[in-house]
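Residue numbers (our numbering), protein chains in the order written: chain U, 51 to 386; chain C, 51 to 386; chain A, 51 to 386; chain Y, 51 to 386.
Keep in mind the hints are simulated off the structure, nothing from the lab.
Heads up, a few of these hints could be off.
Treat identical chains as interchangeable: a pair holds within one or across any two.
[Stated by the list, open to error] List of simulated lysine-lysine pairs, DSS-like, C-alpha gap at most 25 Å:
1) 109 to 96
2) 374 to 160
3) 96 to 381
4) 289 to 94
5) 342 to 278
6) 289 to 96
4 protein chains.
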Amino acid sequence: MIKVGLVGYGTIGKRVADAVAMQKDMKLIGVTAHSYSFNTEVAKQKGYRIFAVGETDLKSNGIKPDGDINNMLEEADIIVDATPKDIGRDNIERLYRPKKIKAIVQGGEKHKTTSTSFVAQCNYNEALNKDYARIVSCNTTGLCRTLDAVNKRYGITSVHATMIRRGADPWDIYHGPINAIVPVLEMPSHHGPDVQTVLHNVEIFTTALSVPSTLMHLHTLTVDLKKKANMNDVVELFKNSTRIRVVRNAEHLRSTAEIMEFARDMGRLRGDMPEICVWEEAIGVISNTHNKLLYMQAVHQESDVVPENIDCIRAMTGFKDGEKSIQMTNKSFGIK
Amino acid sequence: MIKVGLVGYGTIGKRVADAVAMQKDMKLIGVTAHSYSFNTEVAKQKGYRIFAVGETDLKSNGIKPDGDINNMLEEADIIVDATPKDIGRDNIERLYRPKKIKAIVQGGEKHKTTSTSFVAQCNYNEALNKDYARIVSCNTTGLCRTLDAVNKRYGITSVHATMIRRGADPWDIYHGPINAIVPVLEMPSHHGPDVQTVLHNVEIFTTALSVPSTLMHLHTLTVDLKKKANMNDVVELFKNSTRIRVVRNAEHLRSTAEIMEFARDMGRLRGDMPEICVWEEAIGVISNTHNKLLYMQAVHQESDVVPENIDCIRAMTGFKDGEKSIQMTNKSFGIK
Amino acid sequence: MIKVGLVGYGTIGKRVADAVAMQKDMKLIGVTAHSYSFNTEVAKQKGYRIFAVGETDLKSNGIKPDGDINNMLEEADIIVDATPKDIGRDNIERLYRPKKIKAIVQGGEKHKTTSTSFVAQCNYNEALNKDYARIVSCNTTGLCRTLDAVNKRYGITSVHATMIRRGADPWDIYHGPINAIVPVLEMPSHHGPDVQTVLHNVEIFTTALSVPSTLMHLHTLTVDLKKKANMNDVVELFKNSTRIRVVRNAEHLRSTAEIMEFARDMGRLRGDMPEICVWEEAIGVISNTHNKLLYMQAVHQESDVVPENIDCIRAMTGFKDGEKSIQMTNKSFGIK
Amino acid sequence: MIKVGLVGYGTIGKRVADAVAMQKDMKLIGVTAHSYSFNTEVAKQKGYRIFAVGETDLKSNGIKPDGDINNMLEEADIIVDATPKDIGRDNIERLYRPKKIKAIVQGGEKHKTTSTSFVAQCNYNEALNKDYARIVSCNTTGLCRTLDAVNKRYGITSVHATMIRRGADPWDIYHGPINAIVPVLEMPSHHGPDVQTVLHNVEIFTTALSVPSTLMHLHTLTVDLKKKANMNDVVELFKNSTRIRVVRNAEHLRSTAEIMEFARDMGRLRGDMPEICVWEEAIGVISNTHNKLLYMQAVHQESDVVPENIDCIRAMTGFKDGEKSIQMTNKSFGIK
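For reference, chain U alone in the conformation it holds in the complex (with noise of 0.2 Å):
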């Protein structure tokens, strides 16, 4: 039994601990908390074991912590650190270190804090037995599963995608834009040189933008490829792919919103989809004077990268068999 423990239970890292209970070959040994919210008396429910992060207001709120930070580093093989930006990288250096424990860092942080980016279906192996490891952003996340199908199957000359950001996650009621769209104004924007640290050889420019809404990101992507391809066998290559979903017009999936119904129907908890979502009225294929794929695709923010948490976790601990790990994490999600 690989024995995890949670630092940092927001968005991300609650459904981690979720998770990493459902796997049968790990233990979730507890989640932190800094401060008493709703977040704490649903971890509480589930049973988990709740560690203080410095002075909180646990107590107060009835709340009896299970120890701090400290006890649970003890007791893990290693941690899946979902904090904010910046203060992953810092707990890498001033506790994970020091101890000798395992971690993981999520997007927010920069590749050298790790010097390895992991999405499992693309380079699994890069993860194996390594001390640190980063899982990119749910942005990065998304585009590398697509572009790696693609890139294996036509090989990629370059691609332009334009990423529509959702302004906000759901719960977050403190951040807008209420009525505007709002451009990233670097150009290209960072997001290209992330892929690159997942695939290297994959030439890549991309912009992006935020829009008044809540759900998913959405993508379109120009995808200039070296071999000739044709829309259906596209389809088929996504279809066959892992965390990948084909979505449908004609079943009524025309947008972010009724894709996120379709996942709460389908008893998925939280009603997350961590598959990356690709519609299959919206593959394009131009190939008289070009060889060009266009296509576009949904990425639910708050789930994609939650498997990838659970097979980076096996590789570092010394499992592998990439595929074998993918299968059984996608089981666990109700992923087929």
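Starting from the known structure of chain U, fit chains C, A and Y onto it as the hints suggest.
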């Protein structure tokens, strides 16, 4: 086993179907489909029998129906009809009465359609052995639950409620407003009289408006009381009333978004919150010159009426113990 | 000519500057800038003198300031301070009182800062020859205008108002909520006592919440009256009150969005609507057992306080005839 | 004086009417109304003659029409038809052609309806003395303006544009989405061929989607160039092109919301921004292996086509100097 058929498989219908399937004393005969969509795919995944209504595109999309709606009516003891406004009324006359089958319609229908309007904890007995009954709307259900508790404890002189309604359901991409507040320009609004179909002697005036949000309705209430109240007693009253949940700013449940997140985290199916949520910190009592109770509540329009449908099935099929029915239903939903 | 300086050049400040520049009896000395933005560019286009506050980036962006804030204070008879909350209070003590310069602050400041809270049509005389006064907030201004008319005509026993507030101003891309209804979790809210700083004898309870819209606030009011009212009289009362506009469903003015469109179409500067808009079809009188008036009004948070600032300048600098001042101001805004 | 009649008095029609009224060489004969609303009240306030279309409710609402549409057609030299999709096409056949009156239709109509699709700075001469012409849609106009400049300077090999479209106009409370991103599920979208009705030789692929915002569309473009470009030259090119405005992050014009605020502050009628806004900081040139230009632009869907209508009126009525017409029109709008 009570044999239940579901006619209308949208926001409410699909939830009632799942709830019926969870009850130990009920059997879901099947659900209807009038056209193909992801709803049909999910029904099939769940193993529900699908009965066609009219000419459908099911077969051309690979779904073989298990018969048509008449086949379902032959097998069912009672129908829950969750079709859009006015269709339920027509279906009673056209389908259910000729075949002498009991039926429940939803809050889009008028009171006079069935002469029995139902909220389990308020008037379970009114539906006992009835052939037809109406589950009142999500807003009316929310008002009835908390006002009934207040009325029984303190007596109500009169109520003014303002209902801030979500503009559209989460999956609905067609309806707005995107950026406006839209008042219901009738004064008082029709919701007041609708409450009186359940709480017959409560005087109530209501005003309503719509806003660009999809998650929950929010009600603000001012109640003139007959007996003096104090805040702590009111908190206890609500805590001890079924299908009401007292939520707290202290837990960071500060908005409809965070309540929905809480329901997702708890592992509720679809992230539903069938309980009416009252904010502890927004309960106010003014008791010098007046005798007023002020409070705010959040109403999950997609799910609060679902347990009501289940209890109403039991009442109409002769199960006499309303409290027992509520307990059985609550247990299946994970409601305390 | 009254010499007016503007400190704080945001949503309110820039509007008051333009309004001062339009008055025949006033001269705009200039406006302040603490950093470069499109606001500065527009001020320059309009020929306003720009006075720097602290170290600014104006020069590096090609704007040569006309001096610093102290230069402006030397030339001005009176300052309109439209800085964010608490800064106005500090500026009085730090800048205006030592230099014996009169000043108006805005509704973010507390009543006790100036002991004079102002809405022209309610209490013009209270500001006569005062050194410091406060223009109450947009919401309080809106409540005072219509309640004062009702109180003078019918007498008010008590008021309950629910304020549905826009989440952020139209230009503000940083604040949410994107998809939530957020109650103000104090009960009753602080807006009631604020009304009483202007309408000293009106008993009022208020509740408030925020929604994902940027355009206007919307208030629903229930007023217990001393004298009987009838609907037509109330419509006439509002039609004959200054800075109140009766709008109608019949004209397709069904929402805050359509009211804003109407203001744009009329050619109002910035599409502003400084009048409080009351919906004719949402005025209700309940006069059998009770003696209640119900109505709904829309409040343009960006502009309703702007004419108040102009009238307050006149009152504080000794112009005795409040009605005349209101007429002069209204004419410059195109308000009937 | 060119006598212009306006048929259709909605978002575009009311703006073209005001613009015609501002031109020294044009006379507005009047506008049409098919039903009463605040639009009619504003037209009356502005002193425009109102011509009824069909049976209307104008009289019962106190508006006496100045005749019917046929009376207007008799007086006008040319009609600007701004009716909804397909009605303009029908009006040509049913009303304008039989009466031999020239007419302009809008971008909802197909190219073949008039065989002349118009953007003044691209192809003014194509409309010279024509009887019928089409002003292309707001999105197509935006693409044509900047791409034409780029094409003339560098030559275009091919373009990929992603259009992030506002979900509904600011006044429209009926259409969503409230909280979703909705892709146009055709690939490539129809906007590409529409650009080619004006820029006949530019190869362009487009993808499109809608988001919950009301203010402006935003386009991201990737252009493969024939000649090498550098960033500063591109900035200068756009600065020196008419009806294109270079906006800057440095001015805090970081979003569609701030651009709209800027237009309001400048005192533009209705806060309109008919210029296409290109962000200086989002212009990127990739010129090692490729020869690509990337940029982002904001398009004000309510107003960018309005000056095009004015120029097209001049072209169709025989005014030969396109540049002069553009200057005259720009001056009346306050466009540099």
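Original post:
What label fits residue 342 with residue 278 when the C-alpha limit is 25 Å: within, between, both, or neither?
Top reply: both (8 Å within a copy, 23 Å between copies)
**OP:** Have a look at residue 96 and residue 381 and pick one of within, between, both or neither, based on CA distance no larger than 25 Å.
**Re:** both (21 Å within a copy, 17 Å between copies)
**OP:** Give the relationship of residue 289 and residue 94 under a CA distance limit of 25 Å: within one copy only, between copies only, both, or neither.
**Re:** Close across copies (20 Å), not inside one copy (39 Å); limit 25 Å.
Subject >> Homo-oligomer pair classification [residue 96, residue 109; C-alpha up to 25 Å] >> reply: within (18 Å within a copy, 43 Å between copies)
**OP:** First find the shortest C-alpha distance between residue 374 and residue 160 inside one copy, then the shortest across copies, and answer within, between, both or neither for a cut-off of 25 Å.
**Re:** neither (29 Å within a copy, 55 Å between copies)
Original post:
How would you label the pair residue 289, residue 96 (within, between, both, or neither) given a Cα cut-off of 25 Å?
Top reply: between (35 Å within a copy, 22 Å between copies)
Hint compliance for this structure: hint 2 is the single one not met.
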